[in-house]
Amino acid sequence: MVKLLGQEIGGKRVKHSMISRIFDNLLGRGSAAVTVPPMDGALKPNNQLENLQPGIPAAQVDDIVEWKGEPLWSDGATLVSRSGVQAELPSVITALAALDDTLVVATLDDGLILLGGDYQRAEIAWATPITNVTAISVDQSCDILFCTGSQTNAPNEWRRDLMETNQSGMIGRANPKTGEVRILAKNLRYPSGIATTASGSIVYSEAWASHIVEMSADGSNAQIIFDEIPGYPGRLCRQENGTFWLSVFAPRNPLIEFVLREPAYRKAMLQEVAPEFWIAPHFYSGRYFNEPMQGGALKQMGILKPWAPTRSYGLVIELSSTFIPLRSFHSRTGGSRHGITSALQSGNTLRMACRGNGEILEMQLVEKGKAL
Amino acid sequence: MSLASSIKKARYRWLPDHVFGELLSKSWIDNAIPFTIMIIVVGVVGSLLPNFFTGSNIGILARQYGELALVVLAMTTVILVGGIDLSVGSNFALGNFLMLYFLNLADLPVGLAAGLVVLICGSVGLVNGVLIGYLRLRAFLTTLVTLIIVRAIVDLLLLEYAQDMSMSFYSSPLWDLMGLGNVSIFPFSFVILVIVAVIAHVIFSRSGPGWRLLAIGGSRRSAYNMGLPVKRIVCLAYVVSGMLVGMAGILYAARLSGAGTDTGLGLEVLVLTAAILGGNSLGGGRGSVTKAMMGAVTVLVLTNGVLRLGLNSGSGPMVLGLALLFAVFVDVRWMKNRHKLLNTVYVSPTLMEMPEPRTTDEGPFKVNDRLSKVDVIGLGDVESPEDVILDDEDYLYCGNRHGDIVRFTPPEYKTYEIYAHIGGAPLGMSFDKDGNLLVCVGGMGLYMVAKKDRAVTLVTDETNRSFFSIIDDSRLRLADDLDVAPDGKIYFSEATVRYEMHDWPVDALESRGNGRIVCYDPKTKKTRTVVRNLVFPNGVCTSHDGKSILFAESWGCRINRYWLEGPKKGTVEVLADKLPGYPDNINRASDGTYWVAIMGMRSPALDLALRMPDFRRRMARRMAADQWLFPNLNIGCVARFDDDGEIIESLWDRKAANHPMITSMREHKGWLYLGGITNNRIGRIRLEGQNNRWTGWSSYWGKKSGENA
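So the sequences go chain by chain: A and B.
Residues in the first sequence are numbered from 1 upward in steps of one, following the working numbering.
Residues in the second sequence are numbered from 1001 upward in steps of one, following the working numbering.
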């Protein structure tokens, strides 16, 4: 399990010889280095998420979608819009997408289901069961594209999946009319966001690899188009003008990178330590004193420094149609707007699902890369 | 328990790997490699050659050694100042020739002749020195030129006088003694060498001129910038070199009484090899007389051995060349990598199995918000008040990170003054019987601020050195809390002997018993270590009955009692363990119990890591300290316990809004005052149901209470 860990966690899949890998692991350099990419350029930290007005409370908020002209989000097992709870499903919702009048919903227990205009479940039998769905998108031919984060861990167990360093995720295409399912890519490292480009190709984020991959509609020609993301990239949402909003749901952190390279410790931690207190990324942190603390995060003179190491962070990035970061909104260490799981722009309003603080945030965007 | 974990336990118990790092941190470790090489060479050559270790052979070698080592010393002097002297061989030949000339043809007495020779050879050094020191020519080329010129002069002189000299034969008792005689059992030249070496050692290691010379060798520019007379000292080094070579030439003349064209030929390579093989850095600034002596032994035995083994004629220079190459290699690699090696191996975490902590969900440690409503004192005015203390007149004292003792004025504590300036990082404090303030100062030791004139005096900054400790643990590095016993003895803790104050997280990472309890007796003015191998001892407090002192072992999450009298006198027993956090200062409470500050809480992830020293070692090597896994210190907690170690209650600042990492607290007249080493404020909170006339000082030293009570 450890064998290829080094270079793959680093993001790039560079082939190393066995010998250089052994040396790297021994000396902690090269592929075994625990450095994380810096936040600079368009990713320069700011406090724009932190400065937003209090949003709409939604404790278990996860995904947002625009359906029938208004935003709709999932909060645990319920579907909520601005006017209140619209429907309650039997199990927790893990992803949403709109397909004309139909709402495509993924839940923990039932996998991918379709809801009609009145939230009634439509009968559809998939050729193969679709489970552990982390993100859904709909392409031009009205096929459903979905990400299965992991074969073994449900989306609410994503931290365990990272700590197990799994790479069992899949990208698939499902036809809502015939029920036909086709797997386009597999053995992925927790795909957790998917979108189509104007040219019809598919882009998906591979969270544990901290990169975004573009591939043709049939799953061929996969190549990394955005790499070295300083966090774990989640859902992707394409705008009409061709740009994308990328939600980065948790930060990368040298200590976590280090633990990922320490199989013995990781295994013991998964067995003995309560998940809340793992050395692992989270949607929020700093709530309990039993959480692991890193040296730089010690409050000095009454202040927790915003650049201190943290297990949670709030980050939304706007990417150009060619996947160059244009701007980003942050909530830094010690802030509360952490764990942004989804972002959706309607008009000039950017709505974000903030899982860390349990709210839907609204931000008025202005042009030229500046936000109010 | 599995076999693997038993082996792991045994390994950390019996193979203390911190020793290796401590060895490397010693400055004498530089001698280890040359010394080993010397032993190996002597051993190998001695076993190959018959009669090597017999008295006569040793005598002959010692006589040669006297001459060679003087020249090595000359070379070392110049190398230490950052130069090189290739002219030693020619100069040696010149000295040898002149000595014979003065005795045989000029009929001078031995003493005068020797003096003249030393002066003349010194003047050759002076030429080198002026050219290199004052005119800033390259040492290598300059001395190469002098080598050739002096050699040419010697050859010319030989051509002129060799025949005359071989006709006459000088003899006198002194001259015979120098050449063939012994002082006691030691050859004359060896005795001279010992005298010169001792003087040189004292100069290099213990005198201003020697230090300046080394400073110039270390960094000529810095030495110049700090105002050292660089040119003069460099010049003088060459003069000294020339004079030493002259002395060696005289001894050589006395031994062989012959001058030839091959005298001193190739000597410069021989002595250069010896100097470097001994461990003197070719770059200058690092080296010693001892090293030169060791190198000379190695080279002498090596060349003699090769000669007497009857190897081919080319093998002598070959062995010498290889030895020089090896010496330069070791010099460069060792100098370059020693500190790197030290950095990677000094930190050595040990195995620490933490017991399951007491619960914080219920019972006395149940989390609450009782510290959320503190009155804040001195916000922004004090930085790092590790300890707070109040005197009987209600004045509030604390240290700060600027090295001051700050005093707040009652009853509002809005105004303050700098009561005294000590320097360092004032930590734990106590009042003695006379109201003098005793302060443990991180990095400095135990200090006292007198009550009457606020004069700061050093109480103690050293204790007895442990017999088996590799690092020098006599100096106090991190004295952190103290208390005074009824008999006036001061007991204080030193958290760690391996790290300076600001490296306390590294000590936490190691979690080894690096600390100790030390006792200062004001009657005898002696400081003695009383308990060793404690895990970050902290928070010393004399018990209410005065029969024992209590102290915390922070990383061990326990509170101990050290008995001062009674049947258990001198022993340590655990009073309360399995604490959910890391105890810091302990102080008396008004009702016969004790307060303990809990500076941070245990996290299960760290408890697990403490069981995995390798994990922590790699963490320390691969990440900056800011990224390390720490104890969770972003929480404020104070607890109260009694003489049986029973926890009675706890007060929490759950959100750590005002008081993360509380390191100390004092009860005074019904209030509890809080200090924290990472904080910029002092807090106080009204205590319910505690005696509001009680003061700490009167609890120790009397029954009177303050006027403001």
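Since the hints were made in silico from the structure, they are not lab data.
Honestly, I wouldn't trust all of these hints.
Derived DSBU-like pairs: lysine-lysine, alpha-carbon spacing no greater than 30 angstroms straight-line [to be verified]:
#1 A/LYS305 <-> B/LYS1414
#2 B/LYS1568 <-> B/LYS1578
#3 B/LYS1366 <-> B/LYS1452
#4 B/LYS1373 <-> B/LYS1489
#5 B/LYS1451 <-> A/LYS267
#6 B/LYS1008 <-> A/LYS267
#7 A/LYS305 <-> B/LYS1366
#8 B/LYS1366 <-> B/LYS1414
#9 A/LYS305 <-> B/LYS1373
#10 B/LYS1569 <-> B/LYS1525
#11 B/LYS1526 <-> A/LYS267
#12 B/LYS1366 <-> B/LYS1336
#13 B/LYS1433 <-> B/LYS1414
#14 A/LYS186 <-> A/LYS267
#15 B/LYS1525 <-> B/LYS1568
#16 B/LYS1655 <-> A/LYS44
#17 B/LYS1655 <-> A/LYS305
Since the model is a prediction, treat every value here as computed from it, not as a measurement.
We went through each hint and held it up to the structure:
For the proposed pair A/LYS305 and B/LYS1414, the alpha carbon gap of about 28 angstroms is at most 30 angstroms, so the pair holds. Restraint check: the Cα-Cα separation between B/LYS1568 and B/LYS1578 comes to about 23 angstroms, which is no more than 30 angstroms; the hinted pair holds. Simply put, B/LYS1366 and B/LYS1452 have alpha-carbon atoms about 45 angstroms apart, too far for the 30 angstroms limit, and the pair is violated. For the given pair, B/LYS1373 sits about 38 angstroms from B/LYS1489 by alpha-carbon distance, which is inconsistent with the 30 angstroms threshold.
Distance hint between B/LYS1451 and A/LYS267 is unfulfilled; the C-alpha atoms sit about 59 angstroms from each other, more than 30 angstroms. For the hint linking B/LYS1008 to A/LYS267, the alpha-carbon distance of about 18 angstroms falls within 30 angstroms, and the restraint holds. A distance of roughly 29 angstroms separates the Cα atoms of A/LYS305 and B/LYS1366; the hinted pair therefore holds under the 30 angstroms criterion. Simply put, B/LYS1366 and B/LYS1414 have alpha-carbon atoms about 33 angstroms apart, too far for the 30 angstroms limit, and the pair is violated.
Of the pairs offered as hints, the one joining A/LYS305 and B/LYS1373 holds, with about 24 angstroms between alpha carbons and a cut-off of 30 angstroms not exceeded. In summary, the hint linking B/LYS1569 to B/LYS1525 is supported, as the alpha carbons are separated by about 22 angstroms, within the 30 angstroms threshold. For a cut-off of 30 angstroms, the pair hint linking B/LYS1526 to A/LYS267 is broken: about 52 angstroms separates their Cα positions. Annotation: proposed proximity of B/LYS1366 to B/LYS1336 is violated, straight-line Cα distance about 54 angstroms (limit 30 angstroms).
About 28 angstroms separates the Cα atoms of B/LYS1433 and B/LYS1414, which keeps this hinted pair within 30 angstroms; it holds. For the proposed pair A/LYS186 and A/LYS267, the alpha carbon gap of about 25 angstroms is at most 30 angstroms, so the pair holds. Only pairs whose Cα atoms come within 30 angstroms are accepted, and B/LYS1525 paired with B/LYS1568 is accepted, the gap being roughly 26 angstroms. A hinted pair counts as satisfied when its Cα atoms are at most 30 angstroms apart, and B/LYS1655 with A/LYS44 qualifies at roughly 29 angstroms.
Between the alpha carbons of B/LYS1655 and A/LYS305 the distance comes to roughly 16 angstroms, so the proposed pair stays at or under 30 angstroms and holds.
In terms of the numbered hints stated before, the structure departs from hints 3, 4, 5, 8, 11, 12, listed from lowest to highest.
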